[in-house]
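Protein chains in written order, with my numbering: chain B, 23 to 639; chain L, 23 to 639.
It is possible that some hints are incorrect.
Because identical chains cannot be distinguished in the list, a pair is counted as satisfied if it fits within a single copy or across any two copies.
Within a straight-line C-alpha distance of at most 20 Å, the following computed SDA-like cross-link-like pairs (lysine to any residue) qualify [said to hold, decoys possible]:
hint	residue 1	residue 2
1	K624	R205
2	K487	K528
3	K365	E319
4	K285	T300
5	K490	S508
6	K277	E562
7	K277	A328
8	K487	E342
9	K487	E189
10	K286	Q470
11	K624	G589
12	K285	I299
13	K591	E562
14	K365	D240
15	K624	V588
16	K490	E324
Worth flagging that the hints you see were computed from the coordinates, not collected in a lab.
Only a predicted model underlies this, so the values are computations on that prediction, with no experimental measurement involved.
Number of protein chains: 2
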Amino acid sequence: MDRVQEWNELAAQLCVDSIRCSTAAGSGHPTSSMSAAHLVSVLFSDHLRFDVDDPKNAGNDRFILSKGHASPLLFSALRAVGAITDDELLSFRKFGSPIQGHPAPVPEMPWVDVATGSLGQGLPIGLGMALAIRLDDLSGRVWVLCGDSEFVEGSVWETMANASFHEVRNLVAVLDMNRLGQRGPTMLQWEGDKYVARAEAFGWRAIQIDGHDVRQIDQAYRQASDGQGPTLIVARTVKGHGVSFLADAEGWHGKALDEDQAKKAIEELGGRRNITITPLKPEPVSRERAEGGASIELPSYEREFATRKAFGETLAAMAEAEPDLVVLDGEVSNSTHTEDFQKVAPDRFFELYIGEQNMLGTAVGLQALGKKPVAATFGAFFTRAYDFIRMAAVSRADLALCGSHAGVSIGEDGPSQMALEDLAMMRAVRGSTVLYPADGNSTTRLVQQMLDLPGISYLRTTREKTPKLYEEGEEFPIGGSKTVRSSDGDRATIVGAGVTVFEGLKAADQLAGDGVAVRVVDAYSVKPIDGETLRSALEETGLVVVAEDHWLEGGLGDAVLEAVAVGGKELSGRVIKLAITEMPGSGTPEELRDWAGISARKIARAIRSALPRDVSR
Amino acid sequence: MDRVQEWNELAAQLCVDSIRCSTAAGSGHPTSSMSAAHLVSVLFSDHLRFDVDDPKNAGNDRFILSKGHASPLLFSALRAVGAITDDELLSFRKFGSPIQGHPAPVPEMPWVDVATGSLGQGLPIGLGMALAIRLDDLSGRVWVLCGDSEFVEGSVWETMANASFHEVRNLVAVLDMNRLGQRGPTMLQWEGDKYVARAEAFGWRAIQIDGHDVRQIDQAYRQASDGQGPTLIVARTVKGHGVSFLADAEGWHGKALDEDQAKKAIEELGGRRNITITPLKPEPVSRERAEGGASIELPSYEREFATRKAFGETLAAMAEAEPDLVVLDGEVSNSTHTEDFQKVAPDRFFELYIGEQNMLGTAVGLQALGKKPVAATFGAFFTRAYDFIRMAAVSRADLALCGSHAGVSIGEDGPSQMALEDLAMMRAVRGSTVLYPADGNSTTRLVQQMLDLPGISYLRTTREKTPKLYEEGEEFPIGGSKTVRSSDGDRATIVGAGVTVFEGLKAADQLAGDGVAVRVVDAYSVKPIDGETLRSALEETGLVVVAEDHWLEGGLGDAVLEAVAVGGKELSGRVIKLAITEMPGSGTPEELRDWAGISARKIARAIRSALPRDVSR
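One chain only, chain B, in its complex shape:
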């Protein structure tokens, strides 16, 4: 059998197996798999350099199924290369199976690096992988199989712009232009010239082929992997290709065939096959992990300092000792202060311009290949990338994010620049850690710990300088808090984080003047939160007032209530949440905090009103 026949036979098997597993599941996307079967057949047979027995081999090429709904195709290919058995393939979409509806890198699925299924994410992730490979001076290529519907997603074009700008040479995107989306024709249908024109305008090489002609595919892959630049292969394909009643037919998106239909389709495709292939082996890598371990001298602060600046200086201080640390920014590095890292480690700093989705995808790709990425922008603008953060959690990614310019405390710039929902957003990410330091010294310790935290961690920093609160070297365990003022006679507890710790301390001063002793807790770890300290505070003082520079919903106040109620504990005492409830405008930080009710004066007033009359005035 010649190569052409072999490729076509394997493609037919991938189609058959995609039908088999989705019919067994009763759901899934056989037709979206079939359009790309030839593309995957040739790739896995003769271009992807991948050690199936060592999927994390640093020398491997990487394959990302950006059109994650075509998971039957991926799993069928994994069967063909011997990664999974036929029985495992047929557990597709079953409870507990790693052969999930959309690819996810669960532990039993080491051949999948990242989760896909939210469209337009594979290419950004691919860019991150391509950069990681380049950083390590390896020869691997990154192949991303994309759907045509996802080429409307802006994230794709953020990556197209950045990949050419950053002169990435080992990234190949394969566009499965099958003309049909979920509910009918795609925007551009089979207008391949338009995809080509767009890609070229964005600085990519583009090659147009018939996506069912294996010779053309082979030739295109050869050209695309010549190291000459990022390449888009626009492959004209037919959804449901190879089966008369599925080919280019509407109404078949995301539908499994019933048993009879499956039988008929498999017959048309020439029946079941048991072809196995062995992908090309990667070049051997005699890779010495860069030696880190230089001693770290963390910065320390003797006077007022901006936490955002402490964040940047800490990254810079860790650059040498952490050779895998990479930092990404979205054209605001002089605001987030990642520029401090850029100055000392320019090769590990990535300016990704104002495209936050691509920035997050790139970070996910970098961490998938062993880097420790830190991505920063204004806290408000992480909302731009929430889908990527959500999906990063599905990818089991370890990522550190830093959002600067928290809350109304940014002042004059107004609400468009104020992060007021970031705590809510980041708390609602599976396995996340959410940190919000008040001063420079606590920031440095939290940043240091973030780099080794599993999952997605988020650090919220403040625009303005804040007073020194802690001594150099003090410990700030994740999940802890600091009781910064207390006495036996405390009649209330103020819980703050970031700027409101200082407002709380001032409020406590004011109340002390009235003879009312008040405890103050710095809840620098918003998630996990220090429930024990908070429950004790409520029990001992009877009144907890949470003050936060954030919307009332989903932030520190909700975290405190959650901690107090956790596990169905008997509730007693009172909790008052002070937070932002109306749309702010411009003003000084002090004016805005007072307007919002989270200033020292307003916190003190809330406590006076809440306490029995003898202490209010």
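Model the placement of chain L on the given structure of chain B, informed by the hints.
Then chain L, alone, in the frame of chain B:
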């Protein structure tokens, strides 16, 4: 004085005033304003048809400052047209002033339609306005002034693709290509040809000009507004143009000049001026508002039905009676069921393909011109557009959103398609309403109310069919709840919404078998939540168990705790939150709910464990 001189003089005034107001404020973006001063001068003098005394005139052209940080320029232009006084201009960025750091449509600022300041949003909004104008058969044009840094944002390219696809002819984007971003050069600097190539590849006409040559500007505007298609004017400009020490100088982004610098700069610009201009008047509009008011026959359901389908059918039922109702979808209309509306009102349905950011921006633009937009996609994919939702609140937009496919209850498709953070995300939007109906009949009533709610409302729908729970015609007030089971002897209350109402009812059945009476509340209005009912339930039954198909953080459980604690009420009783805490995989809805601990069985078990031993087993 000839027109050229007049245009240049006005441009100089705009520069001077931009410096004056930002220096008075001590912050702001004078240099980013100066690069576009000629562009705005010619536009406001001779092209923008706008009745300053009647800013909401339906015949007006619309102007959007997408690069919202150049607000000094906008406000200086508003001074020149007599909309605001010089004193008002000098209140820029002061607390309480409508002359905010970035433009926002506060009541005192009727000349601004939408908020900007998060980049890449003006063009999507402009598309919505252009569509609204076309729907109303008016002749207005939409002018969007964009920065160059924001042309990396994917949202811009989502709009570029959609605007040409939808053959919009009244949309002009003006790109102020001033080469410098916040922290240095932009990605493409002055490579105007690249912007032109990209725009043309996306189906736009593109015109390249010198952005300080008023004749070229005038000519380009003339051409761009000929109704021949969406046009991008790529204007090569100089940041800080006109002042020797600012022009094309790095380090001046977002910095106000000090008094001495301002004096010197104003001298170089020829000093203060007091030019006033009157923009062209719009064509008179004898617009009859479309007569709606046809009686609405809402659908009703006698048996199990999917809430997502009830949503679609309700929209369809309202199409005739609500002539301003427009529906937007992101290529999933057969899943969200907006296709039902499309069938009856195709002219008011917009297929915006898979580009959720553009979809939200388009919705904001449509509502700014009086339409009632409803935008739908999978709940999970609204995370893609969170920044647009956040900014829509700053825009004081009235929008109805519907997110389908809530929670693990979607089953086999797995976590990439599951909305598990949407309640947290939408609660943390200023002024939002969050609704989550359990059955078809409650869905119809909530959808009907949503269209007239102020602010941003969100409806969460379920993929699978759910049983009929309510009779046709029953009322579902916003902020209410339904106690669907109760007795005098209730020993616990189950609070659910959507699918968990049915799990709660089944759990109550199981517990009744043990002789334990349990109340069940359908909290269909997650925000505002029915605090009174929930507080009574906690008081009367002593134990509230919240079950939700959502992450533990930020959703219904947190809303219930918030309601219980509100205003610092004395807490008593116990609240248990049952929600998703681990990353799901594939499975049937029933398997996944049980795995997650929100099935009837697990709810009943939680109650048994929490109650004193005599009732547990």
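How the hints compare with the structure:
no., hint, in the structure
1, K624 to R205, "neither (54 Å within a copy, 37 Å between copies)"
2, K487 to K528, "within (16 Å within a copy, 55 Å between copies)"
3, K365 to E319, "within (17 Å within a copy, 66 Å between copies)"
4, K285 to T300, "neither (28 Å within a copy, 74 Å between copies)"
5, K490 to S508, "within (19 Å within a copy, 55 Å between copies)"
6, K277 to E562, "neither (59 Å within a copy, 49 Å between copies)"
7, K277 to A328, "between (54 Å within a copy, 18 Å between copies)"
8, K487 to E342, "neither (27 Å within a copy, 57 Å between copies)"
9, K487 to E189, "neither (38 Å within a copy, 50 Å between copies)"
10, K286 to Q470, "neither (60 Å within a copy, 46 Å between copies)"
11, K624 to G589, "between (32 Å within a copy, 14 Å between copies)"
12, K285 to I299, "neither (25 Å within a copy, 76 Å between copies)"
13, K591 to E562, "both (16 Å within a copy, 17 Å between copies)"
14, K365 to D240, "neither (43 Å within a copy, 44 Å between copies)"
15, K624 to V588, "between (29 Å within a copy, 17 Å between copies)"
16, K490 to E324, "within (7 Å within a copy, 65 Å between copies)"
Violated hints, in rising order: 1, 4, 6, 8, 9, 10, 12 and 14; the structure is consistent with all others.
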